[in-house]
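Residue numbers (the working numbering), protein chains in the order written: chain A, 1 to 285; chain B, 286 to 517.
Simulated from the structure, these hints should not be mistaken for lab results.
The structure presented is a predicted model; accordingly, all values stated were derived computationally and were not measured.
Take these hints with a grain of salt, some might be off.
Capping the alpha-carbon separation at 30 angstroms, the derived lysine-lysine pairs in DSS-like fashion look like this [to be verified]: (1) B:K316 with A:K31; (2) A:K123 with A:K158; (3) A:K191 with A:K244; (4) A:K56 with B:K294; (5) A:K244 with B:K467; (6) A:K78 with B:K467; (7) B:K294 with A:K57; (8) A:K206 with B:K316; (9) A:K260 with B:K467; (10) B:K294 with A:K31; (11) B:K294 with A:K206; (12) B:K294 with A:K191.
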Amino acid sequence: MKRSGIGLITVLLFALMVIWAPAGMAASAEKNIILATTTSTQDSGLLDTLIPIFEKKTGYFVKTIAVGSGQAMAMGQKGEADVLLVHSPAAEKKFMDGGYGVNRRLVMHNDYIVVGPANDLAKVKGSKTTVEAFKKIAAAQAMFISRGDNSGTHSKEKDIWKAAGVAYEGQKWYQQTGLGMGQTVNVASEKRAYTLVDRGTYLALKKRVDLPILAEGDAILLNIYHVIEVNPAKRPKVNAKGAKVFADFMVSTETQNIIKTFGVDKFGSPLFFPDAGKKVEDLGK
Amino acid sequence: MDLIYEGIKQAIILLITLDPEVMRITLLSLKVSGTATIISLFIGISIGTLVALAQFPGKQFVVSLINTGMGLPPVVVGLFVTIFLWRSGPLGFLGMLYTPTAIIIAQSVIATPIVMGITLAAMQQLPKKMRLQVLALGATPLQSVWVLIREARLPLLAAVMAGFGGVISEIGASIMVGGNIKGYTRVLTTATVMEAGKGNFEVAIALSIILLALAYCINYILTHIQQRERRF
């Protein structure tokens, strides 16, 4: 009897070795690309559609790390990522000015929307501008849930508060989650609070959350995604070649066509609008 | 309540249809945490036994250190392993960040002190004179240690369960060093958080149920061995 216990453990050990054996995933280093991107591209499901196509076509293996745009750029700045897909234009500009990135190219856009509880205590619905809507939220001291993670959405939200001239920092009604977009929307829904969200994530979550759209369509709410290759001159360890192949793929006609129709079958309207080759100034017109 | 019901239903469907994505995630969780547990057993039992049997100045300090390590927060481990494995970090040349191997390393670091602490306690519970007796009967020092380990095998099985339970359920380290990459480093815990974030609560519940079932099966087997041994 004593022996059988040890015997069983040995069998388990062998079983483990056997299941490890066929794990032939380890691609050589130059075939790996680390893509640092925002949670919205993952939570909306867009990357789950695009990445397998890219991998099949090129033989590269993409390691997608979905974080906020702020952290994605921090990873790029350290050379821990090869290519970035981000939506925080002001921070991107700083990143480019610092010489950390090359070849910043416009990929797509969608827009942010202001969502909140159905009873809309702050009477945000019907506001002429987003800035006005934010002013009303602050005036009513209605709870607002912020990402609070230096993501693209968080930067946009701070810009709007600034334009509204509201001192939100440390206010009781202003709460930060520090989480991704999807989780933040869930928190806002549970707490019956207002929040700023990109349309892609919102549409993907819509069936679950009880947060109607209260403000949309303002020029300030434009949400623009760029692809940036990390500068190999500054960070020699990055996979510059792979980064370029991926960035080229994102702006290729084939990919742009997929982006154009992505989500239509599921949500009735596209989640993103392809913009490769366009100028930022012409968007939303 | 509907949601939980839907989740359970979804879990059963995912399991019966052998959904390839779920199977891959489950298998990876099992592989990574199983391997980490085995590594932690080798290191934990040998060092734990050594510390238990040896007499040296500062022993109390070392034992306290090991006991503290039993509660090592996975995120802290994740953070430090990440920093070490960065391309710009000291082990960056290995190119190991965001791989299953990185998760194994982090989880081994988490499980080792747990196994070590329990080993230490188990060894110290054995009668003090036992080792002398075994030596007197003509065993070599190495054989005597082997006899003691065999004698403490019941609490040592508890160490296996505690170590495995600790790593299969942790998320902080897995998500930081693994990156939750689809089809590569996505394990049950990181997938659950992501699906919940996406609003796919049924899938999240389904994954949690699979995680619980998995932990239960492993522990059932180990408990079975442990309890059967008791009745000899």
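Against the structure, the hints come out as follows:
1. B:K316 with A:K31: Holds, at about 24 angstroms.
2. A:K123 with A:K158: holds, 21 angstroms
3. A:K191 with A:K244: violated, 43 angstroms
4. A:K56 with B:K294: violated, 34 angstroms
5. A:K244 with B:K467: holds, 22 angstroms
6. A:K78 with B:K467: Holds - the C-alpha atoms of K467 of chain B and K78 of chain A are around 24 angstroms apart, at most 30 angstroms.
7. B:K294 with A:K57: Given pair K294 of chain B, K57 of chain A is violated - Cα atoms ~37 angstroms apart, limit 30 angstroms.
8. A:K206 with B:K316: violated, 36 angstroms
9. A:K260 with B:K467: Given pair K260 of chain A, K467 of chain B holds - Cα atoms ~23 angstroms apart, limit 30 angstroms.
10. B:K294 with A:K31: Violated - the C-alpha atoms of K31 of chain A and K294 of chain B are around 40 angstroms apart, more than 30 angstroms.
11. B:K294 with A:K206: At roughly 22 angstroms apart (the allowed maximum being 30 angstroms), K206 of chain A and K294 of chain B satisfy the hint.
12. B:K294 with A:K191: holds, 28 angstroms
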